[in-house]
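The numbering of the sequence shown is our numbering, which starts it at 3 and goes up by one.
No lab work stands behind these hints, which were simulated from the structure alone.
Careful, some of the hints might be misleading.
[As the list claims (entries may be wrong)] Quick list of in silico lysine to aspartate or glutamate cross-link-like pairs, DMTMM-like style, CA-CA up to 25 Å:
1. K379 with E665
2. K375 with D219
3. K752 with E665
4. K232 with E182
5. K811 with D786
6. K233 with D494
7. K752 with E696
8. K811 with D701
9. K752 with E872
10. K835 with D786
11. K233 with D219
12. K375 with E228
13. K28 with E306
14. K824 with D838
15. K835 with D555
16. K386 with E182
17. K669 with D494
18. K803 with E818
19. K819 with D844
20. K519 with D494
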Amino acid sequence: MSSIGLLLILVVYVSILFYIAHWSEKRSHSKWTNNPYIYSFSLAVYCTAWTYYGSIGVAADSGLSYFPIYLGPIIIIPTWMVILKRIIRISRVNKISSIADFISLRYGNSRFLGALVTLVCVFGILPYIALQLKSISDTFHIVTKTQSSSNVFTDTTTYVCIALALFASYYGTKYVDASEKRRGIVTAVAIESILKLVFFIIIGVYVTYFVYDGFGDIYTKASVLENFDKKNTIGDITSGINWFFLCVLSMFAIFLLPRQFHTAIVENNKETHIRTAMWLFPLYLLLFNVFVFPIAWGGNILFEGKGLNSDTYSLLIPQFFDNNFLTVLVFLGGFSAAISMIIVSSIALSTMLSNNLLIPYGFIGSLQNSSQKKNSKRIVNSRKIGIFSLIILAYAIYRIFILDYSLVSIGLVSFVVIAQLAPSFFGALFWRRGSKKGAVTGIILGFLICFYTLLVPYAIGISESTSLFIQEGPWGIELLKPLQLFGLDYLDPIPHAVFWSLFFNIMSYFAVSVSFKGNYRERNYAEMFVDIDKYITNHENAFVWKGTAYISDIQRVLQRFLGEERTKRALNIFNLKYNIDKDITTADARFIKFAENLLTGHIGTASAKILISSVVKEDKITLTEVLRILEESKENIIVNKKLTETSNELKKISEQLKNANQELVNKDIQKDEFLDTVTHELRTPITAIRAASEILHDDEDIPADLRKQFLQNIISESDRLNRLIDKILDLEKFETGKQKIYLSKNNISKTIENTLDSVKQLIKNKGITVEFSDASKEIKAFYDEERIIQVIHNLLSNAIKFCPQTNGKISIAIIEKNNAVKVKIHNNGQGIKEEDFEAIFDKFYQSRNQNVKKPIGSGLGLAICKQIIEHHKGKIWVESTEGNGATFTFTLPNYNTTENL
Numbered sequence: 003m004s005s006i007g008l009l010l011i012l013v014v015y016v017s018i019l020f021y022i023a024h025w026s027e028k029r030s031h032s033k034w035t036n037n038p039y040i041y042s043f044s045l046a047v048y049c050t051a052w053t054y055y056g057s058i059g060v061a062a063d064s065g066l067s068y069f070p071i072y073l074g075p076i077i078i079i080p081t082w083m084v085i086l087k088r089i090i091r092i093s094r095v096n097k098i099s100s101i102a103d104f105i106s107l108r109y110g111n112s113r114f115l116g117a118l119v120t121l122v123c124v125f126g127i128l129p130y131i132a133l134q135l136k137s138i139s140d141t142f143h144i145v146t147k148t149q150s151s152s153n154v155f156t157d158t159t160t161y162v163c164i165a166l167a168l169f170a171s172y173y174g175t176k177y178v179d180a181s182e183k184r185r186g187i188v189t190a191v192a193i194e195s196i197l198k199l200v201f202f203i204i205i206g207v208y209v210t211y212f213v214y215d216g217f218g219d220i221y222t223k224a225s226v227l228e229n230f231d232k233k234n235t236i237g238d239i240t241s242g243i244n245w246f247f248l249c250v251l252s253m254f255a256i257f258l259l260p261r262q263f264h265t266a267i268v269e270n271n272k273e274t275h276i277r278t279a280m281w282l283f284p285l286y287l288l289l290f291n292v293f294v295f296p297i298a299w300g301g302n303i304l305f306e307g308k309g310l311n312s313d314t315y316s317l318l319i320p321q322f323f324d325n326n327f328l329t330v331l332v333f334l335g336g337f338s339a340a341i342s343m344i345i346v347s348s349i350a351l352s353t354m355l356s357n358n359l360l361i362p363y364g365f366i367g368s369l370q371n372s373s374q375k376k377n378s379k380r381i382v383n384s385r386k387i388g389i390f391s392l393i394i395l396a397y398a399i400y401r402i403f404i405l406d407y408s409l410v411s412i413g414l415v416s417f418v419v420i421a422q423l424a425p426s427f428f429g430a431l432f433w434r435r436g437s438k439k440g441a442v443t444g445i446i447l448g449f450l451i452c453f454y455t456l457l458v459p460y461a462i463g464i465s466e467s468t469s470l471f472i473q474e475g476p477w478g479i480e481l482l483k484p485l486q487l488f489g490l491d492y493l494d495p496i497p498h499a500v501f502w503s504l505f506f507n508i509m510s511y512f513a514v515s516v517s518f519k520g521n522y523r524e525r526n527y528a529e530m531f532v533d534i535d536k537y538i539t540n541h542e543n544a545f546v547w548k549g550t551a552y553i554s555d556i557q558r559v560l561q562r563f564l565g566e567e568r569t570k571r572a573l574n575i576f577n578l579k580y581n582i583d584k585d586i587t588t589a590d591a592r593f594i595k596f597a598e599n600l601l602t603g604h605i606g607t608a609s610a611k612i613l614i615s616s617v618v619k620e621d622k623i624t625l626t627e628v629l630r631i632l633e634e635s636k637e638n639i640i641v642n643k644k645l646t647e648t649s650n651e652l653k654k655i656s657e658q659l660k661n662a663n664q665e666l667v668n669k670d671i672q673k674d675e676f677l678d679t680v681t682h683e684l685r686t687p688i689t690a691i692r693a694a695s696e697i698l699h700d701d702e703d704i705p706a707d708l709r710k711q712f713l714q715n716i717i718s719e720s721d722r723l724n725r726l727i728d729k730i731l732d733l734e735k736f737e738t739g740k741q742k743i744y745l746s747k748n749n750i751s752k753t754i755e756n757t758l759d760s761v762k763q764l765i766k767n768k769g770i771t772v773e774f775s776d777a778s779k780e781i782k783a784f785y786d787e788e789r790i791i792q793v794i795h796n797l798l799s800n801a802i803k804f805c806p807q808t809n810g811k812i813s814i815a816i817i818e819k820n821n822a823v824k825v826k827i828h829n830n831g832q833g834i835k836e837e838d839f840e841a842i843f844d845k846f847y848q849s850r851n852q853n854v855k856k857p858i859g860s861g862l863g864l865a866i867c868k869q870i871i872e873h874h875k876g877k878i879w880v881e882s883t884e885g886n887g888a889t890f891t892f893t894l895p896n897y898n899t900t901e902n903l
């Protein structure tokens, strides 16, 4: 393919990335940009060009040696729920924006330690960025079949490098506060991660199933190649130890690489996203490695004895078969892997450079006397220049130093350099005694050992057999041979450097920390880091500070960086949070910590401390006093927690008592209404009986027919009175458990039919249509027939009452289930309000709807129905929408249910 054609494709591809970043930045709160999957895929920035090309090269040349770099993260990821969550919480409450800020803050806001961590990161990552540029350059020339140019102006990589620098410096410095979320960059990186995986799987499937006949075919053909068996086994105990140290190295890398810290910690929006990342990220790594072996050994089979660079087999194989489309696709995947690492790493490093080197050691003095607008512009510009300079410097390193090294070799060297931060980093999380002196000593010693055992040999040429320094050691002292230090001769160069550098690093960190106690600020932050879960809500309370400070002085400092409006808003939030009177002029320890946090995102932890210290007068505090204050703080937090819990309990109990009281009031009202209703119902028949009896008593000459009529009225009213008393007694018996039911197996259709016959005249009188399609079916159920007739009769009577005067309709349906029979009785009346659904079954309930005419009756029917159905182990309920009638439904055990109810 022509160079111009490929460049045009790259321009289109980068333009799409620009658009994605721009779109995401505008929709930073959208579910498309702020979700656990975007977060998880952004972590795949771990898979750089080294993964895309270098792993294939290692697999082709050394067999399984590539696997520990991915096995380490997979092993350590289950601990993310504890470790990563703790790091995220610490970073969030302290507004931390880089690993340098994290480590320096833990060890007392140490300016020197922050600068040291920054230099280590720059020293370790710049060659790594150069490595990505090398991969872009090499693969570009393979795809276009051109030779690399020694002239920087005709080298395509130069222009790619400038484009990436512009992209990263624009979208990576959108905010002055470095702890702000960069949704544009993160979403673009996540999309790139998805694309590079898809493209890699496509080439893997192509090689495995189109070039060859599957995994088995590749294995069969590769097994006859030289040293195949030896390369594809872990080997002896020595090889196992090498594997172990490579796994440890990659475990550290997943936490400590600036790009990983940035995507996993700084860009984390919700702790819950970790849950998705814990399964999706390992799955991503495993999917990436499924086809490494077939591509590597497929290339070995095709290009045996040709001396080609095995790193580029994924490009050479489709090119060998003249498949230009697939070749370009693979190139774009590798390009994605490279540029995502370059962009995120340069953003992270530029933040560290500005906040931990340039500002605290450079222009912090000038920032104190400038306006907010000038300060913001200066900080942002310093980061823009930092990003641009880092990428250009990495390009220079690529051009001058690493043209002859493989992708993996440079990548592992960077890993070893960054691993020197591990003891101080993890010590910050779990060990209170860790001190700044211990951390500084450990990092410096570890780096020097790394420099001696790895960087110097690589600079000389690790395979340079004529170098006396490598072969015999300095001044001929064999114990000091850089690749076999102190006689350790069975480890490969990378594991060897890891062992000795971390050995001296860890030992010095612990020894110095134990021997020399840190100052009170270190111990203060040690408590806050180790016990972050205790201080997560009110971490300002745990900050120890004594002295004299005025809010107005600190406010003026904040305004120079935050602006007047944001400073005022922040102060209001603080006053509300701690219930502080806005008229108070002196600042306490909580306000000092709050102010430092506000500045940290802009200028880093060390510079924030310097600026605040410049306007306050701090008194010295002994370590004993710090521990006492922290202990009191812990006790206060525990007491506050208990008070909060007690307060919540009291509120809950108070709410329950209020509800219970309201219920009693309602019950009392319902009871009064019920008594009024029952009294009225009792008085009505008694009055009728008395009136008829008096007439018969007083008038002996009354005609026989009229006398008979009065006697009939007395009998019917007596029956009505008897029924009312029976209902009240029935309800009382059901509620006290004295009422018995006599169960038998019956035909529910027949029972309903018989009940309908008893109310047929009422239905006819009102002109109601009855629809009962299941009348002819035999549906057996298990119930006391007399009581269920009582239920159905009551429900039918209510349905008749509430049907409209014209076009009334009652529908009856029976639904047979596995363990129950469901009966539905619907009327097309006015319906029932939703708030009355439960209450209508209450024996004391009377509707308060003044727009509905109160129906004639005792009001006990539905309460008795509910008791009868529940004694059958069934349920009864109502469904309705106003104006569309009501449906009463009850269930009974079916024919197969046991009689033991």
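Q.
So, against the hints stated earlier in the document, which numbers end up violated here?
A. 1, 2, 3, 4, 5, 7, 8, 10, 12, 13, 15, 17, 18, 19 and 20
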